[in-house]
Amino acid sequence: MGNKQTIFTDEQLDAYQDCTFFTRKEILRLHGRYHELAPHLVPMDYTNDPDCKLPLALIVNMPELKENPFRNRIVESFSEDGMGNLSFNEFVDMFSVLSETASRELKAIYAFKIYDFNVDNYLCKEDLEKTLNRLTKEELTPEEVELVCQKSIEEADLDGDNKLSFADFENMITRAPDFLSTFHIRI
Amino acid sequence: MPPKRKNDAVIRVEDVGMDVDAVDSGSEDEARRRTKNRRNKPQRKVKRVSDDEEDEEDEDEAPRKRGRKKKAKPRDSDEDDEEDSRSVKSKSSKASRRKAAKEESDEESEKEQKTRKKRGKGVSKLEKEEQNKEKKGKGKDGTKNKGGEKDKKKKNGKLSSSSGSESDEDSMSEGEMAALKEEVEEKKKVIATLRNQPWRMKKRLVVLKEAQEFVEKFEGALGKGKGRKLYAYKVMMTKKLIKFKRDFENFKTACIPWERKIKEVESHFGSSVASYFIFLRWMYGLNLVLFGFMFGLVILPEILMGLPYGSIPRKTVPREEQETAMDYSVLFDFGGYCKYSFLFYGYYNNEPTIGVLKFRLPLSYLLVGVGIFGYSLMVVIRTMARNANEGGDGGEEGDFTFSWKMFTSWDYLIGNPETADNKYASITTSFKESIVDEQENQKDENIHLRRFLRVLANFLIVSCLGGSGYLIYFVVKRSQEFANMKKDNLSWFEKNEVEFVMSLLGLVCPPLFETIAELEDYHPRIALKWQLGRIFALFLGNLYTFLFALFDEVTAKLESEKVIKNSTEWVLNQYYSNYSSFYNTTDVPPPAVHPSDVIRGPCWETGVGIEFVKLIVSDIQVTYLTILIGDFVRAVIVRFLNYCWCWDLEAGFPSYGEFDISGNVLGLIFNQGMIWMGAFYAPGLVGLNVLRLLSSMYYQCWAVMCCNVPHERVFKASRSNNFYMGLLLLVLFLSLLPVVYTIMTLSPSFDCGPFSGQEKMYDVIMETIEKDLPAFIGNLFSYATNPGLILPAVLLMVLALYYLNAVSKAYQQANTDLKKKMQMARDEEKNRRNNKDSTNQVMKDLEDLLPNKSLIPPPTEEEPPPPDVVIEKGSKSPKMKPGAAAKGVNLQKDVSLAAPNPRAPVTRAPGPRKGPPGNARGPQPGPGRGRGRGGPPRH
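Chains A and B supply the protein sequences, listed in that same order.
When the first sequence is numbered by the numbering used here, its final residue is 187 and no position is left out of the sequence of numbers.
When the second sequence is numbered by the numbering used here, its final residue is 1939 and no position is left out of the sequence of numbers.
One or more hints might be untrue.
[What the hints assert, rightly or not] In silico lysine to any residue, SDA-like type, Cα no more than 25 Å apart, as pairs: (1) A:K25 with B:K1432; (2) B:K1202 with A:P50; (3) B:K1203 with A:T6; (4) B:K1820 with B:K1203; (5) A:K66 with A:E155; (6) B:K1245 with A:P63; (7) A:K137 with B:E1438; (8) A:K25 with B:E1438; (9) A:K130 with A:T101; (10) B:K1240 with A:D14; (11) A:K53 with A:P63; (12) B:K1203 with A:K66; (13) A:K53 with B:L1205; (14) B:K1432 with A:F8; (15) B:K1252 with B:K1203; (16) B:K1202 with A:K137; (17) B:K1209 with A:P50; (18) B:K1243 with A:R29; (19) B:K1432 with A:D178; (20) B:K1209 with A:D178; (21) B:K1202 with A:D178; (22) A:K107 with B:Q1439.
In case anyone wonders, no lab produced these hints; they're calculated from the structure.
If we strip away everything but chain A, and leave its shape as in the complex, we get (with noise of 0.2 Å):
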């Protein structure tokens, strides 16, 4: 671990660790991670915060994300454009909270975001829609697609305006028994 000191300095260290769920040793994985997605992007030292920030074509191809059907959303609800360019904080940020320890407001609430596909603040049908086909890969009919999003409005819906509202979303996946379980990435 010695000379991956330099890297950051202790203090920044200390501070990600109080920030995030994470360990010593794996921030500075996480930072290796990082680097690993563009070598000649990403400097080695990053005592003087550099400014750097990787796009999301890049990110989305880690094996952890590349079979995931929101990646692109994972992606761009932790940065901070929307567009999913992660600096090195969002990117840490990101597999915090996607880590076993996170709290379940804390993924709620990203969670939230990741299947708001549109950024209304509000889940509605269509971002429903877009979820469904994206976890079954457009394999059921469009009635069956029908079907589903409006027995889920249904079910969440507590105010009755056909879309659901973060407390609406709350209220549904804080009973889901398996929420914690799957929204989690082992990095």
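Following the hints, position chain B against chain A.
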């Protein structure tokens, strides 16, 4: 994680005392508790969380803190009052109290300190003065007059001083210290909870930096208390314990075998097929435990400490069999050396104790034989109870079937393209299952036709069952006739008629039932249950026919044994009398006959054991061959002959096989029943079964993945597979009966097995009680077996049964009522939002009834719902909140046991009172959440 954290903790403990750590663990605990409570009270929790967020934002800015305090005040006030009176008392009897305080445990003083810190927050020097004065012994009134600040602060100050003086009296600047500590506390809390904030990393880093700077600046000023190190140690230990527990859990789940195999099957065939494999795995675990008992307590001691092979007649192959004893065909029928090995009952010696350890083998044999049943019974019932609990818990499941599937079915861990494909397939499958379920609900057809068809189907099946029963009876009768004839005259078919007919019925009937069941047109899940029940009846018939045949054999053997026993005794007596008369001595040595030449009885127990083992082996062969031919060869033919065939084999007639869930499950269950029955007479049978289950897991997994196709209508197994368990329990009872019957009534063989020489098998227990236990226990037993005692005991049990039954019914009623209520609340909420009339039929009816009823003084039945509505509209949240708040306080008390930060959350808990009474449970968390999520990150 561990090493680094540990270091961290140690350093902090040394620099700061335990505060950081404690806070950390406290919040961890809190988080954990929250997760626990979440299901029950999501609303309350959400509210609290949003409060948390607000608070923490507040804490960033010093000036606003005051405001927060004031907000918190009203709720604190009653506590204050309470403590106020306490402080008066304390002053009046200060000396004694101090003493007491000193004697208080470290932990308590720690808590006390916490209180002080809380109270002393933001308190000025004035309070120090007050405190000093108090120390000098001034009265309460005096201090009150002196107070230059607001009432509340004074209270706080007083409290802080009074309690502070108790905990560490030698500290000089209590108030300042307290204030400072409090602030440091807060900052540390911010640091600890930072990772749970939905902020951008940038903001987090900034906030962290601020907080850290503050902490660094001031924490040096804080002193160290006495019990703090111990406390810090405790906190660390609890943290380690928690971590260890989690690791252990991880380890345990990692130890569960075949998880991936089953997942794979599940993704291709849906959960119903997977439920068979899960059941198989469960069965494997059960059998492993049974094997452990059998092997560890019976087989191993006999092998290690018992007499070796060839030492006594029962452990030796008889002379006339010795020539063929090693032949493959003989061994394959479990004759020859197999018959006289530890696999079977007859091999075990009847010496009461063996080896240097004085191991009581006969007793152990009996206890293990019975214990296997006891253990299996316990495990099955426990599993059933757990499943039932799960089922009850999942009552809510129906509310969110589709949305849960939509949002939680993708497993984000998947990183392997193949698995991902499987997952897509399984998700699609599960959606289709749900759609089928849904459409099933909406279906509305000609009900009369369907009823008629169902009655017809049941009639046909009952007649099928009756026919097969008669056929078996007929065949068994015939076989008894054949048994009396000479063996040479019989053809192969006549010899094996019973087995042949039985396996033929087993092959033909299930598909027949399935075809008939098509008439009924049930939902596949229900159809599966019917099918299971019917095949169960069929198998049961087969099994019991087999058992009766076996009993005939046993009685025959018992008769012949009597003859042999008499003759051997006669021979022995003659030998003894001859010997004594010839040598004129009473000290007669045993006859010098080679163990293989001794005349011996038929040993019916070993015979029964062999029958069972043979049955199991042939069952394994049949099952594996069926899979190989019925599935594999068929699949190969369909696959490759399809190129040169006149019709489409894959889509047309033979097609690929479907996995036969009902048949396989029942096969497994009946197999287990035979193991239970046979284990007493053939201890090696359990080991054989373990091997069978192990191999069949791999074999069937392979077969199902390689040559079966998913059912056309993929359906989901009901979540609690208590149906399987129920069948298993029934089979367990049915297999318990014959074994217990033989143990209790038949007398064991005189020359083989651990109970030889005894009148009844259970005499071993009596013997042990009489000879080896103190006398009073024997007395106790004789009292306990007195009918006068047993009869009341039975009566009592019946009464208890009745009572428990009544109670469980009441609970069920309450449960359904609650469910109904929840459903109503949900509907009502929806409707209120929609500003529409109630769609709930019951509510509608009640509303219609209301005007007329209102004339009458409030009745019991009709009134409640309308008030309910009102309550839900307006005052529901206030009504719920006190409870919530109280819960919060309790929660914090609990936390305070673990972490020295007990009061902090209390000031925040009164969210409900702070804000305007929320209009409903739904939206309340919404805005708070929204702010927490949307607002902060942007600045």
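Here is how each hint holds up against the structure:
no.	hint	in the structure
1	A:K25 with B:K1432	44 Å, violated
2	B:K1202 with A:P50	13 Å, holds
3	B:K1203 with A:T6	24 Å, holds
4	B:K1820 with B:K1203	46 Å, violated
5	A:K66 with A:E155	31 Å, violated
6	B:K1245 with A:P63	31 Å, violated
7	A:K137 with B:E1438	22 Å, holds
8	A:K25 with B:E1438	49 Å, violated
9	A:K130 with A:T101	29 Å, violated
10	B:K1240 with A:D14	21 Å, holds
11	A:K53 with A:P63	19 Å, holds
12	B:K1203 with A:K66	29 Å, violated
13	A:K53 with B:L1205	18 Å, holds
14	B:K1432 with A:F8	51 Å, violated
15	B:K1252 with B:K1203	39 Å, violated
16	B:K1202 with A:K137	36 Å, violated
17	B:K1209 with A:P50	18 Å, holds
18	B:K1243 with A:R29	22 Å, holds
19	B:K1432 with A:D178	20 Å, holds
20	B:K1209 with A:D178	36 Å, violated
21	B:K1202 with A:D178	31 Å, violated
22	A:K107 with B:Q1439	33 Å, violated
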